[in-house]
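Enquirer: Given the structure of chain A, go ahead and fit chain B onto it with the hints provided.
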Amino acid sequence: MPASADEVVLTGIGLVSAAGEGYPALAQALREGRCCTRAVAGPLPVRQVAAAPPVDEDPDFPDDRKAWLAFRALELALADAGLPARDPDRRLAVFLGTGLSSVTPGELHEDAYPFITEGRFDAGRMGSDLSRDRASPRRHLPGRVSEELARRVDATGPVATSFSACAASAQAIAEGLWTLRRGDADVALVGGHDSMLHPLGLLSFIVLGALSPDTCRPFDRHRDGFVIGEAACLLVLERAEHARARGARVRARLLGAGTSVDAWNATAPHPEGAGAERAMAAALRDAGVSPAEVDYVNAHATGTPVGDLAEARAAARLFGEAVPMSSIKGAVGHTIAAAGAIEAAACVAALEGGFLPGTAGLRELDPDCPVPVLQQPLNRAPRVVLSNSFGFGGQNASLVLARA
Amino acid sequence: MPEPRPVCIAGIGLLCPAGIGEEGARDGRPGVVPGFRPAAFIADRKQLKLMSRAVQLGVAAARLALAGGGEELLAAVPPHRRGIFVGASPQVGEAEDLRAALQAGTGPDGAFDLRLFAEEGSRLIHPLWLVKGLSNNVLGFASAIHDLQGVNASWCDAEAGGWTALREGAFAIAEGRADLVLAGASDCLVGAELLLGGRPAGEGAAFFLLLPGEGELPFHPDPAPDLDPEESSLGVLGAATWPVVLARTLLAGA
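If you read the protein sequences in the order shown, they are chains A and B. If you use this note's numbering, the first sequence corresponds to residues 5 to 408, in order. If you use this note's numbering, the second sequence corresponds to residues 250 to 503, in order.
Everything hinted at is true.
Only pairs whose alpha carbons sit at most 25 Å apart, straight line, appear in this in silico SDA-like list of lysine to any residue: (1) K298/B with W268/A; (2) K298/B with D126/A; (3) K381/B with L297/B; (4) K295/B with W268/A.
Facing chain B, according to a computed beta carbon distance under 7 Å, are these residues of chain A, among others: (5) I120; (6) G128; (7) G147; (8) A169; (9) Q175; (10) L207; (11) L212; (12) T263; (13) V265; (14) A267; (15) F396; (16) Q399.
Covered stretches of chain A, as calculated for chain B (at least 3 residues, CB under 8 Å): (17) 110-116; (18) 154-166; (19) 268-277.
No lab work stands behind these hints, which were simulated from the structure alone. No experiment lies behind these values; they were computed from the predicted model shown. The beta-carbon is built from N, C-alpha and C at its ideal position, and this holds for glycine as well.
Bound conformation, chain A alone (with noise of 0.2 Å):
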């Protein structure tokens, strides 16, 4: 069939998790129903973390990881796809999902504990201390990893960082979807990479009451919060025409993208998923699928007891009460600003690999959950998915892929 000159296709995937270092480890783990978190000891209440292995450190980012984590997803995409790094005739646009930075405690103890004098905070007198010399506040520079990836390729397209929390690497997938469509690249190197695994940001799931004190149970009548997850991911998006040309392995077709915001409670989820259903409803409309189309959906589900359950009520209003769903957090953990683009990943694994990921974690089904949830992966093959991901703030976003 010739390609559309809209159609969009994803020739690469480069992603580090705790899963391991690669896509074939997160598809293998995946199928084999594994859970890759593992225990942790210390001075914090927090018992479980999904760690990705080591990765090589970058000199001219220091105290980086979620920087180093990212640039070895690049080597891996480009690889997977079969890109040199450089091609003049090419143009390239750069979407990538961030979250905030690392802050180690000494630095903080050096950059905020002198500027308390009589029990008052002196901001003021903070700032003009501060120099961008020092390594912490280079390292909190909005947007320096995706300028240094579009760096590394040439990146002659739009190149922009997405920050929208937990859903800021899917709507990076959706923005690098839309500009291939409309033609201002031929390629888009998309995608997101977080790591929140240092004491500032686990303390500060702590005192949200986010992070479960054991694991992560998406979906389980006794969930009680998620793991928390490090990860970077990195897709190679494509015109199709132009992976065609070029003879490139075509992994899956991204058929479409919607977002939406729940514009409820800057600081609450919408508690019957309203939001959460808007934006699956754009994507499948931007997709042109219908919901009878859609073989699985993949849940953002993180095992809060709120937002579990009002997106399976979003997903049962919209697919009926038949389509299969799991939440792949309790197998890789929550990994923020990555999250959308590993859960796309997932998803290409379950269209080539032909199976359904299951729920791990997941033990007794919430009574209340309206759809059949997936506990062990399933030996059925998709043609279309549909994949989930919300941030805090109400944003939401939704990719539809399918069968290459």
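Expert: Just chain B now, kept in the frame of chain A:
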């Protein structure tokens, strides 16, 4: 793809060191927005406390963009067809919210002790400390206030973030994903001069109400308008740079 629709600007909300609204088009100096009272724009005091200064500025600019007829235009578009695109910088929470925890995490020898910080200090940290620093808070609050339920994105690429927001917001209308978009950016860099290499800094926000159609102020996302981000003399405005310069240019010509 179908033929793109034309896009026009139907409302402008501006706050910058030169002033608020049309006054913001005048000459000004780097620094804070003169006369900015957040409570004049954000009635809910509880919500106000959850907003950083940059978020307050952004929410105020979004409200100003809808003043003068924008609310009626908004009412004519279903909420799911209203989009929002924002450029903003991430912050590492509010330092003041960490003060007590930092003090509790300091041992008798004056050295930082992670165990003390975790065991004693963590109880003193505001539960929303982390999320107050998220740069998508402008989008979260403004969308809830104005019931903007549709297509959206939040970008954090320093000076480029504001332009990306305007560009992608315009494309959302041109390509039929929304029938009304609020697009703009906000930032607050006052006090960060040393981090900016000694350059004078300011704060500001500008939002635009974008609609399909020709209108008096057509907006073409490509190519970028021929504006000089350095012209404003208002100091470094971060993500707000492009939207503020565009708003000042348009308001000065009005």
